[in-house]
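Listed here are the chains, written in short residue letters.
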Amino acid sequence: MRNKWSGLLRGAAMALLATTLLGTAPQGFAQVPGSKLKEGAVPDMSGIWERIEGIRFNPAGQLPPYNAEYRRRYDLAMEARQRGERVADPTSGCLPQGMPRFMVASYPLEVLQTKGQVTIIAEWSSQVRRIFTDGRGHPPADEIDITFNGHSIGRWEGQTLVVETVGIRGDTSFDASPLTHSDQLTVSERIYLKDPNILVAEITVTDPGAFTAPWKVVRTYRRGGPDARIMEYVCEENNREIFLPGQNQPKP
Amino acid sequence: MTKKLLLSVLLAGIAFPVLAHHSFSMFDDKKEVVLKGEVKEFQWSNPHTWIQLNVTDASGKVVEWSIEGGSPNLVGRQGWKRNTFKPGDKVEITVHPMRDGQPGGSFMRAVLPDGRRLGGDQIPAAPAAAK
Numbered sequence: 001m002r003n004k005w006s007g008l009l010r011g012a013a014m015a016l017l018a019t020t021l022l023g024t025a026p027q028g029f030a031q032v033p034g035s036k037l038k039e040g041a042v043p044d045m046s047g048i049w050e051r052i053e054g055i056r057f058n059p060a061g062q063l064p065p066y067n068a069e070y071r072r073r074y075d076l077a078m079e080a081r082q083r084g085e086r087v088a089d090p091t092s093g094c095l096p097q098g099m100p101r102f103m104v105a106s107y108p109l110e111v112l113q114t115k116g117q118v119t120i121i122a123e124w125s126s127q128v129r130r131i132f133t134d135g136r137g138h139p140p141a142d143e144i145d146i147t148f149n150g151h152s153i154g155r156w157e158g159q160t161l162v163v164e165t166v167g168i169r170g171d172t173s174f175d176a177s178p179l180t181h182s183d184q185l186t187v188s189e190r191i192y193l194k195d196p197n198i199l200v201a202e203i204t205v206t207d208p209g210a211f212t213a214p215w216k217v218v219r220t221y222r223r224g225g226p227d228a229r230i231m232e233y234v235c236e237e238n239n240r241e242i243f244l245p246g247q248n249q250p251k252p
Numbered sequence: 001m002t003k004k005l006l007l008s009v010l011l012a013g014i015a016f017p018v019l020a021h022h023s024f025s026m027f028d029d030k031k032e033v034v035l036k037g038e039v040k041e042f043q044w045s046n047p048h049t050w051i052q053l054n055v056t057d058a059s060g061k062v063v064e065w066s067i068e069g070g071s072p073n074l075v076g077r078q079g080w081k082r083n084t085f086k087p088g089d090k091v092e093i094t095v096h097p098m099r100d101g102q103p104g105g106s107f108m109r110a111v112l113p114d115g116r117r118l119g120g121d122q123i124p125a126a127p128a129a130a131k
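Sequence order for the protein chains is B and E. Each residue of the first sequence is one higher than the last, beginning at 1 in our numbering. Each residue of the second sequence is one higher than the last, beginning at 1 in our numbering.
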């Protein structure tokens, strides 16, 4: 009872505060400056999206166009797995999936569009990608922070969001398989609505260190229904599978 | 009905290793062990749920098994709840056991105290009385 009333009082106090700050009675979040795009300016991809395909990065199944060295690494790791050795998936120790695995959407993605930025939140470990659409470029190559999700800039080409991502760490994954890549990996995406309820990401992965040609993968996502929600996922909560990157890798 | 059950069992075997965030190679996916015991604890947690199950062996000794299940984000969307397993529940759980002989395994399917069967991605709706 006490909780109920204190909740009501807090709600009333917050409404009053919001009214004071905005000068008018709040009628929803649309009035918060900068939080809403001009209607119809660009397609609205906001919402919760669930992957349609499985959790292998390439739904079509083929391996990337590996050079000899990276193909050998992959084959060794697969043989080790076949022998029952534990070949670590980097996420086993709760490191983020990073790019490009982020876009597999193991668990749903949530897209938020605000002025100058498209934000994608992945439920898996609450990862966040910020795609800057304010016209900025990438930081200089020798200064850029090397991160799990990289540095993403986007621009609208008609109805398509074109995204370039650089500055990705060399140890991010594609999926739970032993596919690896070098630190020269970059990702280009063309993201568009096929219809109001289907989002498409055409993902082209380029890696001169590991691939002989760009690798194009197409993934699709279904708009979440009325009950769709993003759940919490804290991998460190109760992980009994602690192993660090580099451990449990197949012996060369 | 039998077909449906078989399918759910098959799906159970496939769904967990594929969706897990780590390799399940420590479990022997060619072996099945049926455990009858009493739930000590159900950890509704990420990256995996865990059922701690006390199983009394033939000599009367109680052995605590650790049974790894899917993430709440996975099984929660298939109808599991935080209270699907409660301490004290007498249940039957089938697992793929650990290869190294430790008392642990990956969850395949279960029979709950009220007779409901849980198999991977399928759980029948709870009877009204259980709510």
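Derived by calculation from the structure, the hints in this document are not laboratory data. Some clues are possibly wrong.
Label-pair restraints from in silico Cβ distances [claimed, not checked]:
(1) E:Gly101 to B:Glu232: 31 to 39 Å
(2) B:Glu232 to E:Asp114: 24 to 32 Å
(3) B:Gly225 to E:Ser45: 52 to 60 Å
Even for Gly, the Cβ is constructed at its ideal location relative to N, Cα and C.
Cross-check of the supplied hints:
1. E:Gly101 to B:Glu232: 31 to 39 Å: Roughly 35 Å apart at Cβ, these two residues keep to the hinted range, so it holds.
2. B:Glu232 to E:Asp114: 24 to 32 Å: holds (29 Å)
3. B:Gly225 to E:Ser45: 52 to 60 Å: Violated, at about 26 Å.
Hint 3 alone, counting from the list given before, is not met by this structure.
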